[in-house]
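J.: Below are the chains, spelled out letter by letter.
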Amino acid sequence: MFNLIYYELFKTYAKWRTYIGFIAVAVIIPLVMWGMKVEGGRFIQYQMRTLQNDFFITGNLFNGWIIAQLIMNSLWVHVPFLISLVAGDQLAGEATAGTFRLILIRPVSRTSILNSKYVTTLLYTVSLVCAIAALSVGLGLLIFGSGDLLAIDRDMLAILPEAQLWSRFALAYGLAILAMWVVASLAFLFSSFVENAIGPIIATMAVVIGLLIISNLPVESFESVKPYLFTTYQNVWQQAFKNPIDWGNIGKSSSVLVSYSIGFWLVTLFVFRRKDILS
Amino acid sequence: MSQEIVLRTTNLGKRYKNRWAVEDVNLEIHRGDVFGFLGPNGAGKSTTIRMILSLIKPTTGSVELFGHRLETEREKALAKVAGIVEKPDFYLYLSAFRNMEIAGALTLGRAPGKKRIMDSMALVGLQDRADDRVKTYSHGMKQRLGIAQALLCNPDLIVLDEPTNGLDPQGMKEVRELIAQLSHEHGITVFLSSHLLNEVEQVATRMAIINKGKLVVQGSVEELLLSRAKRIILNVEPQKKALAVLKKLKRVENPTLDSTGIIANVETKDIPDVVVRLVAAKCRVFSVKPQRSLEEYFLSVTEVE
Ligand SMILES: Nc1ncnc2c1ncn2[C@@H]1O[C@H](COP(=O)(O)OP(=O)(O)O)[C@@H](O)[C@H]1O
Ligand SMILES: [Mg+2]
Numbered sequence: 165m166f167n168l169i170y171y172e173l174f175k176t177y178a179k180w181r182t183y184i185g186f187i188a189v190a191v192i193i194p195l196v197m198w199g200m201k202v203e204g205g206r207f208i209q210y211q212m213r214t215l216q217n218d219f220f221i222t223g224n225l226f227n228g229w230i231i232a233q234l235i236m237n238s239l240w241v242h243v244p245f246l247i248s249l250v251a252g253d254q255l256a257g258e259a260t261a262g263t264f265r266l267i268l269i270r271p272v273s274r275t276s277i278l279n280s281k282y283v284t285t286l287l288y289t290v291s292l293v294c295a296i297a298a299l300s301v302g303l304g305l306l307i308f309g310s311g312d313l314l315a316i317d318r319d320m321l322a323i324l325p326e327a328q329l330w331s332r333f334a335l336a337y338g339l340a341i342l343a344m345w346v347v348a349s350l351a352f353l354f355s356s357f358v359e360n361a362i363g364p365i366i367a368t369m370a371v372v373i374g375l376l377i378i379s380n381l382p383v384e385s386f387e388s389v390k391p392y393l394f395t396t397y398q399n400v401w402q403q404a405f406k407n408p409i410d411w412g413n414i415g416k417s418s419s420v421l422v423s424y425s426i427g428f429w430l431v432t433l434f435v436f437r438r439k440d441i442l443s
Numbered sequence: 005m006s007q008e009i010v011l012r013t014t015n016l017g018k019r020y021k022n023r024w025a026v027e028d029v030n031l032e033i034h035r036g037d038v039f040g041f042l043g044p045n046g047a048g049k050s051t052t053i054r055m056i057l058s059l060i061k062p063t064t065g066s067v068e069l070f071g072h073r074l075e076t077e078r079e080k081a082l083a084k085v086a087g088i089v090e091k092p093d094f095y096l097y098l099s100a101f102r103n104m105e106i107a108g109a110l111t112l113g114r115a116p117g118k119k120r121i122m123d124s125m126a127l128v129g130l131q132d133r134a135d136d137r138v139k140t141y142s143h144g145m146k147q148r149l150g151i152a153q154a155l156l157c158n159p160d161l162i163v164l165d166e167p168t169n170g171l172d173p174q175g176m177k178e179v180r181e182l183i184a185q186l187s188h189e190h191g192i193t194v195f196l197s198s199h200l201l202n203e204v205e206q207v208a209t210r211m212a213i214i215n216k217g218k219l220v221v222q223g224s225v226e227e228l229l230l231s232r233a234k235r236i237i238l239n240v241e242p243q244k245k246a247l248a249v250l251k252k253l254k255r256v257e258n259p260t261l262d263s264t265g266i267i268a269n270v271e272t273k274d275i276p277d278v279v280v281r282l283v284a285a286k287c288r289v290f291s292v293k294p295q296r297s298l299e300e301y302f303l304s305v306t307e308v309e
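Chains as they are written, first to last, in our numbering: chain A, 165 to 443; chain B, 5 to 309.
Only chain A is shown next, with the shape it has when bound in the complex:
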């Protein structure tokens, strides 16, 4: 199995499309920060000035942490897109290239091959989220300095002390990985149906955006389906910035996300084991 994962990782990381995500992150995050430095500061500082009239606030609230938290909003749509680029290609890409005929005639079960590809997809997802984390926190602290985090929770304002922030952000990115794992699993599932990677990418994005809208629209008739959509739980990373942290909510959301991921993986396994390789 180790062997299989090694070669799947090798194949994935030898492909140009795998780096699109990292390049996008490496270009966009510094760009956002530069924009913040030049422009955005004024807006946030204005808000803070009104606050400073009412409260006694010390230190620098327009710091690297708030920027990093702001960048986490890319987890809604942008990062899922980058993940689907790679996850959607895992199986469909082999079909397109005809290389299933090279690897599936070997004395290795399809289950092992599929699992090694799934593990590879997850490792890619983890590596992309970690890259985002490292770059947004690292560069953020470097450019904007450290300080307490001003967290806005509905109408409430909370100041999270600087000392807690490393662990809170670690929790947030950990939960973000769970949220992105579902997206990766979904794209991976779609990838097993077709012979071209474009289909899974579009289908994944359509499902993610469509369900996200349903999950977040305050429409009465959607309320009954919301608990069943994985998108309803994808914002779980925001729980890391609540005060106090609602561990019950995190536990529930995480288990729903993990269940969906495992469910998608099992369906993929079922489909792939029976699939006729006609490419």
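I should point out that these hints are in silico values taken from the structure, not numbers from a laboratory.
Any given hint could be a false lead.
Within a straight-line C-alpha distance of at most 27 Å, the following computed DSS-like cross-link-like pairs (lysine-lysine) qualify [unchecked claim]:
| hint | chain 1 | residue 1 | chain 2 | residue 2 |
| --- | --- | --- | --- | --- |
| 1 | B | Lys177 | B | Lys139 |
| 2 | B | Lys139 | A | Lys179 |
| 3 | B | Lys293 | B | Lys244 |
| 4 | B | Lys21 | A | Lys439 |
| 5 | A | Lys439 | A | Lys179 |
| 6 | B | Lys234 | B | Lys254 |
| 7 | B | Lys234 | B | Lys244 |
| 8 | B | Lys119 | B | Lys139 |
| 9 | A | Lys406 | A | Lys416 |
| 10 | A | Lys439 | B | Lys177 |
| 11 | B | Lys91 | A | Lys179 |
| 12 | B | Lys84 | A | Lys439 |
| 13 | A | Lys439 | B | Lys91 |
| 14 | A | Lys439 | B | Lys61 |
| 15 | B | Lys91 | B | Lys21 |
| 16 | B | Lys80 | A | Lys439 |
| 17 | B | Lys119 | B | Lys84 |
| 18 | B | Lys177 | B | Lys91 |
| 19 | B | Lys216 | A | Lys439 |
| 20 | B | Lys245 | B | Lys234 |
| 21 | B | Lys61 | B | Lys91 |
| 22 | B | Lys61 | B | Lys80 |
| 23 | B | Lys254 | B | Lys273 |
| 24 | B | Lys252 | B | Lys293 |
| 25 | B | Lys234 | B | Lys252 |
| 26 | B | Lys273 | B | Lys293 |
| 27 | B | Lys251 | B | Lys218 |
| 28 | B | Lys273 | B | Lys286 |
| 29 | B | Lys244 | B | Lys286 |
| 30 | A | Lys179 | B | Lys118 |
Quick look at which bits of chain B chain A covers, simulated, 3 or more residues with Cβ under 8 Å [to be verified]:
| hint | segment |
| --- | --- |
| 31 | 72–80 |
| 32 | 96–102 |
| 33 | 113–119 |
| 34 | 185–198 |
Partial list, computed: chain A residues near chain B (C-beta under 10 Å) [claimed, not checked]:
| hint | residue |
| --- | --- |
| 35 | Tyr171 |
| 36 | Lys175 |
| 37 | Leu266 |
For each residue, glycine too, the CB sits at the ideal point set by N, CA and C.
Given chain A's structure and the hints, the job is docking chain B with the ligands onto it.
T.: Here is chain B with the ligands on its own, set in the frame of chain A:
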């Protein structure tokens, strides 16, 4: 015959929607055979090969390799099998060496050593291009890399789907020679499909013909092609005189004049005598060609397509 059966298919069939692409195919390939699987385009050769190599699931029947059921003992069944289905495809963005390494690791369960890979590549003359991306390879080179990849893990059985398809005559000749070499020097059993009768005739020891998904005949090439060669076409001058000579010979049946020459039924073993008689009668024999029932049959099948 007490020979080991390396590959056996039992009532193998595949249905797409409501059409049978392959129906009730029973094949037996013995160790040491070069088995030709002959059929016109669309006959079901690739579908059968895909079932043998576990790429598609049979609708009916089963495949047994080295005595192991493919369905239930996949690892054991495929351990000593290699193959190329339709055209050989590779990871174009990786070097040929890496492709070989990946293919080999899947069969062996560990990375094949560098020397082993280079030896296989040398066998098909690609050792100098090992580090180039497969993207830069020509069709013929990919075909050779496909064979190198198949040989890498010392298989006992190689399954090749139309290995000479799309090659120029020189390339076809090389592949045929390579197949003969695999069989004679390496003792590998070869199962190859083809739509060319003369190709099967040249390289195979045993053969089967498939048409419209069904097996038509199966047997040794000699038995099927040569011993049935009772009917011959003679190109002789002068024709009238030759015909008269032939009519007097007991071993010649029904000699008749035809647009292609004189046609007669003669046992293969009697052909030299017949020629001697004609020469003695001062006829000039330009050619004696066996007209084989199988060839006639196969051509009639092919022409319908
Ligand atoms: N995926 C498919 N769906 C439907 N019919 C198919 C499919 N693949 C092959 N066929 C049909 O099965 C028959 C056999 O095809 P194939 O095995 O490729 O023939 P060959 O390799 O002998 O040329 C053909 O009639 C072909 O049209
Ligand atoms: Mg074919």
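J.: Indicate, hint by hint, whether the structure satisfies it.
T.: Evaluated hints:
1. B/Lys177 x B/Lys139: holds, 25 Å
2. B/Lys139 x A/Lys179: With Cα atoms ~13 Å apart, B/Lys139 and A/Lys179 stay inside 27 Å; holds.
3. B/Lys293 x B/Lys244: Satisfied, since the Cα-Cα distance of roughly 19 Å is no more than 27 Å.
4. B/Lys21 x A/Lys439: Holds, because 15 Å separates the two Cα atoms, which is no more than 27 Å.
5. A/Lys439 x A/Lys179: holds, 25 Å
6. B/Lys234 x B/Lys254: Satisfied, since the Cα-Cα distance of roughly 14 Å is no more than 27 Å.
7. B/Lys234 x B/Lys244: holds, 22 Å
8. B/Lys119 x B/Lys139: Given pair B/Lys119, B/Lys139 holds - Cα atoms ~23 Å apart, limit 27 Å.
9. A/Lys406 x A/Lys416: holds, 16 Å
10. A/Lys439 x B/Lys177: Not satisfied, since the Cα-Cα distance of roughly 36 Å exceeds 27 Å.
11. B/Lys91 x A/Lys179: At roughly 23 Å apart (the allowed maximum being 27 Å), A/Lys179 and B/Lys91 satisfy the hint.
12. B/Lys84 x A/Lys439: At roughly 24 Å apart (the allowed maximum being 27 Å), A/Lys439 and B/Lys84 satisfy the hint.
13. A/Lys439 x B/Lys91: holds, 20 Å
14. A/Lys439 x B/Lys61: holds, 8 Å
15. B/Lys91 x B/Lys21: holds, 25 Å
16. B/Lys80 x A/Lys439: holds, 21 Å
17. B/Lys119 x B/Lys84: Holds - the C-alpha atoms of B/Lys84 and B/Lys119 are around 20 Å apart, at most 27 Å.
18. B/Lys177 x B/Lys91: Since the Cα atoms of B/Lys177 and B/Lys91 sit roughly 18 Å apart, the hinted pair holds (cutoff 27 Å).
19. B/Lys216 x A/Lys439: Distance ~24 Å between B/Lys216 and A/Lys439 Cα, so the pair holds.
20. B/Lys245 x B/Lys234: holds, 22 Å
21. B/Lys61 x B/Lys91: At roughly 20 Å apart (the allowed maximum being 27 Å), B/Lys91 and B/Lys61 satisfy the hint.
22. B/Lys61 x B/Lys80: Holds, because 18 Å separates the two Cα atoms, which is no more than 27 Å.
23. B/Lys254 x B/Lys273: Holds: B/Lys254 and B/Lys273 sit about 14 Å apart, inside 27 Å.
24. B/Lys252 x B/Lys293: Holds, at roughly 21 Å.
25. B/Lys234 x B/Lys252: holds, 18 Å
26. B/Lys273 x B/Lys293: holds, 14 Å
27. B/Lys251 x B/Lys218: violated, 41 Å
28. B/Lys273 x B/Lys286: Holds, at about 22 Å.
29. B/Lys244 x B/Lys286: Between B/Lys244 and B/Lys286 the Cα gap is close to 12 Å, so the pair holds against 27 Å.
30. A/Lys179 x B/Lys118: holds, 23 Å
31. 72–80: holds (count 3)
32. 96–102: holds (count 4)
33. 113–119: holds (count 3)
34. 185–198: It is violated: at least three residues are needed, and the segment 185–198 of chain B offers just 0 whose Cβ sits closer than 8 Å to chain A.
35. Tyr171: holds, 5 Å
36. Lys175: holds, 6 Å
37. Leu266: holds, 6 Å
Consistency with the previously given hints fails for numbers 10, 27 and 34, ordered from lowest to highest.
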